[in-house]
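2 protein chains.
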Amino acid sequence: MVRRTGRRPGNPDTRDAILAAARTAFAEKGYDGASIRAIATAAGVDPALVHHYFGTKDKLFLAAMNSPMDPGEIIPQALTGPPDTIGERLVGLFLTVWDSPAGAAGVAMLRSAVSTEWTARLFREFVVTQIMRRVLPLVDLRPDEAPLRITLVASQLAGLALVRYVIKVEPLASAPQETLIAAIGPTIQRYISGDLTEAQQPEPRPGARPGSRRG
Amino acid sequence: MVRRTGRRPGNPDTRDAILAAARTAFAEKGYDGASIRAIATAAGVDPALVHHYFGTKDKLFLAAMNSPMDPGEIIPQALTGPPDTIGERLVGLFLTVWDSPAGAAGVAMLRSAVSTEWTARLFREFVVTQIMRRVLPLVDLRPDEAPLRITLVASQLAGLALVRYVIKVEPLASAPQETLIAAIGPTIQRYISGDLTEAQQPEPRPGARPGSRRG
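The listed protein sequences correspond, in order, to chains A and S.
Those letters in the first sequence? Residues 0 to 214, per numbering that gives the first Met the number 0, in order.
Those letters in the second sequence? Residues 0 to 214, per numbering that gives the first Met the number 0, in order.
Think of the hints as simulated: they come from the structure by calculation, not from any bench.
Quick caveat, the model's predicted, so the values are computed rather than measured.
Backbone N, C-alpha and C fix where the C-beta goes; we use that ideal spot for every residue, glycine too.
A hint or two may mislead.
Distance condition first, Cα-Cα at most 20 Å in a straight line; then the derived EDC-like pairs of lysine to aspartate or glutamate [to be verified]:
| id | chain 1 | residue 1 | chain 2 | residue 2 |
| --- | --- | --- | --- | --- |
| 1 | A | K167 | S | E27 |
| 2 | A | K167 | S | E169 |
| 3 | A | K56 | S | D143 |
| 4 | A | K28 | A | D143 |
| 5 | A | K56 | A | D83 |
| 6 | S | K167 | A | D83 |
| 7 | A | K28 | S | E144 |
| 8 | S | K167 | A | D143 |
Restraint ranges, calculated between C-beta atoms of paired labels, are given here [as the list claims (entries may be wrong)]:
| id | chain 1 | residue 1 | chain 2 | residue 2 | range |
| --- | --- | --- | --- | --- | --- |
| 9 | A | R36 | S | A19 | 29 to 39 Å |
| 10 | A | T13 | S | E169 | 34 to 44 Å |
| 11 | A | S114 | S | Q176 | 24 to 34 Å |
| 12 | S | T115 | A | T13 | 54 to 64 Å |
| 13 | A | L135 | S | A41 | 25 to 35 Å |
| 14 | A | R36 | S | G29 | 34 to 44 Å |
To give an idea of the chain S side of the interface with chain A (calculated C-beta under 10 Å), a few residues [what the hints assert, rightly or not]:
| id | residue |
| --- | --- |
| 15 | A181 |
| 16 | P185 |
| 17 | T196 |
When you get a sec, could you build the whole thing from the sequences and use the hints?
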């Protein structure tokens, strides 16, 4: 969860103006290209006020995305522990967050992400800078393989959110967490640490013609 | 692909009125509860005209959804062949359709599906009646397990579409089809025919505390 202070300081209009300027800047220039200074200028405020309201650039980005959780807190939690059960832990934590009241905000974020090219670009920046960059130093993966592995994990978890919480197709929508951890955990585990370059049944079956898969 | 006749017959306004009435009826009453007669009445036309324009109720539904492909054609194609390579074939076919010009229509359909509760309900009817119902009689699955297995497949394929074609996160967005078939095919294969009730590494590692996963 994103930790919030008890009250939000300052003028709500100013806050909203900063968030709107931040969304535009992050979508148009990317996370790295968007500076607090430029965002403050676009919002017509002093950069010190942006820091005062939102703290770091990361926190400003999370607020601009209405993110229901802070990947900076969730990811280390998910990746701590035995490497061979990381898949289960990741699915369990994902379901715990999305099945909580934060899930509604997650649905809203996913809805917004998908709605236009512009919001998709903003969400892509979020995935790359807030998720992929944080995961990379914490996992022991070959650097040339890690990005594909992480985006494969993202594809399964995003699809889980889509089918369970947005489209709500049964029985997946109401399946107990344990059922989904057992079903999807090994998928995530394999995407992280398994062999992704060959099929799991490499031996031709009797009678199978070589190359018939291409047919 | 949905086969289209060379020209669309009749008045485009009438066609659009029928499609709008169909969307409302399918979302509000579900596929089974929506009748061609009631759709025709809502659109102010004769039911015979709906049949004349769209053929069957299935085809009307596909047109109402702007579906880029007819699951009635795609699914039997994907499920024909050796059962132990169905995962690879399904991913391959999925990528072929989405990487083709039809993919843009797929993105539009997914965007629309996610945008509101109402369109999500419409898309859920699509998944259940056009995909799950067609898959069930073609696969040799225990009836009590089949629905969860199929929705798990849907979650991975929907997430693949989301990350590759809508959010476009690299390197998955540009990965060659063969890479993704090798990576994701075994996931689909396991969801269809594997054991989903226990972890793939059931043996505790030396030093692992029983129950520590819950901690």
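Going down the list of hints, with the structure as the test:
1. A/K167 with S/E27: Status holds; Cα separation ~15 Å.
2. A/K167 with S/E169: violated, 27 Å
3. A/K56 with S/D143: violated, 49 Å
4. A/K28 with A/D143: violated, 26 Å
5. A/K56 with A/D83: violated, 34 Å
6. S/K167 with A/D83: Since the Cα atoms of S/K167 and A/D83 sit roughly 29 Å apart, the hinted pair is violated (cutoff 20 Å).
7. A/K28 with S/E144: Judged against 20 Å, a Cα distance of about 47 Å means the pair is violated.
8. S/K167 with A/D143: holds, 19 Å
9. A/R36 with S/A19: 29 to 39 Å: Roughly 49 Å apart at Cβ, these two residues miss the hinted range, so it is violated.
10. A/T13 with S/E169: 34 to 44 Å: With Cβ atoms ~36 Å apart, the hint holds.
11. A/S114 with S/Q176: 24 to 34 Å: Once the Cβ atoms are compared, 28 Å apart, the range 24 to 34 Å for S/Q176 and A/S114 holds.
12. S/T115 with A/T13: 54 to 64 Å: violated, 31 Å
13. A/L135 with S/A41: 25 to 35 Å: Because 54 Å falls outside the window, the suggested range is violated.
14. A/R36 with S/G29: 34 to 44 Å: violated, 53 Å
15. A181: holds, 6 Å
16. P185: At about 5 Å, which falls below the 10 Å cut-off, the nearest Cβ of chain A leaves the hint on S/P185 intact, so it holds.
17. T196: holds, 6 Å
In this structure, the earlier hints numbered 2, 3, 4, 5, 6, 7, 9, 12, 13, 14 are contradicted, and the remaining ones agree with it.
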